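Line by line, the protein sequences give chains A and B.
Quick note: the first sequence uses my numbering, first residue 11, plus one each step.
Quick note: the second sequence uses my numbering, first residue 11, plus one each step.
The hints are simulated quantities; they were obtained by calculation from the structure and are not laboratory data.
Keep in mind that this is a model prediction, so the values were computed, not measured.
Same chains, same label: a pair holds when it works inside one copy or across any pair of copies.
The calculated SDA-like cross-link candidates involving lysine to any residue, where the alpha carbons are at most 20 Å apart (straight line), are:
(1) K93 to M11
(2) K104 to I18
(3) K96 to S12
(4) K93 to T32
(5) K114 to N88
Number of protein chains: 2
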Amino acid sequence: MSNLFSNIPNSLPEEVFEDLHTSENLRIERILSHGHSSPNEGWYDQTENEWVIVLKGQGVIEFESGEVFTLSEGDFVNIPAGKKHKVVSTNPDKVTVWLAIFYK
Amino acid sequence: MSNLFSNIPNSLPEEVFEDLHTSENLRIERILSHGHSSPNEGWYDQTENEWVIVLKGQGVIEFESGEVFTLSEGDFVNIPAGKKHKVVSTNPDKVTVWLAIFYK
Chain A
11 MSNLFSNIPN
21 SLPEEVFEDL
31 HTSENLRIER
41 ILSHGHSSPN
51 EGWYDQTENE
61 WVIVLKGQGV
71 IEFESGEVFT
81 LSEGDFVNIP
91 AGKKHKVVST
101 NPDKVTVWLA
111 IFYK
Chain B
11 MSNLFSNIPN
21 SLPEEVFEDL
31 HTSENLRIER
41 ILSHGHSSPN
51 EGWYDQTENE
61 WVIVLKGQGV
71 IEFESGEVFT
81 LSEGDFVNIP
91 AGKKHKVVST
101 NPDKVTVWLA
111 IFYK
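I would like the entire structure built from these sequences, with the hints used as guidance.
See below:
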């Protein structure tokens with residue numbers, strides 16, 4: 011047993027990506043952001059599908075299509091493979107905890 | 011965009027199981043419990059693997075092997091297919107929100 015909210019550093023000079031579980035068809039990742047946006051330029055263009063939920067803090071995702079979603083605690087979206095997107099901003103005042111499920 | 015913590019009934023005579031997302035290799039389910047244990051008799055013996063996290067409340071999972079885990083907010087465990095388990099109890103005072111990832 012592990013805890014999603016443990017081992018959160020006080021200082022986050024960079025975003026932190028951590029695999030919580032991996033298997034053939036699945037990867038479960040914790041992402042910690044603190045005012046970061048990413049990638050710095052361009053778009054995420056992933057070969058895997060991603061279902062992602064914000065569990066602490068707040069983050070804003072923009073899709074190349076122009077859609078913009080502000081995700082607060084409990085908000086989730088599904089991002090099909092190849093759907094270009096980026097994180098425009100995250101809460102500068104507290105750590106944002108994302109739980110991302112990557113699947114084939 | 012949807013929210014994991016919205017549409018939680020005030021009264022839960024039975025546990026509520028709701029698919030949030032399904033695809034070929036994946037099913038993401040929200041489970042709401044309120045003092046329930048389940049199944050009433052016997053063990054869950056699943057054909058899919060399950061990664062499960064408690065995000066509100068508290069639940070106690072027992073494995074046939076004798077292991078018992080008390081999951082509070084943020085605690086997660088992975089349950090391989092065929093690993094018999096049951097929910098011994100959940101918090102009687104508030105709704106417990108589980109997020110379960112079933113995968114092949």
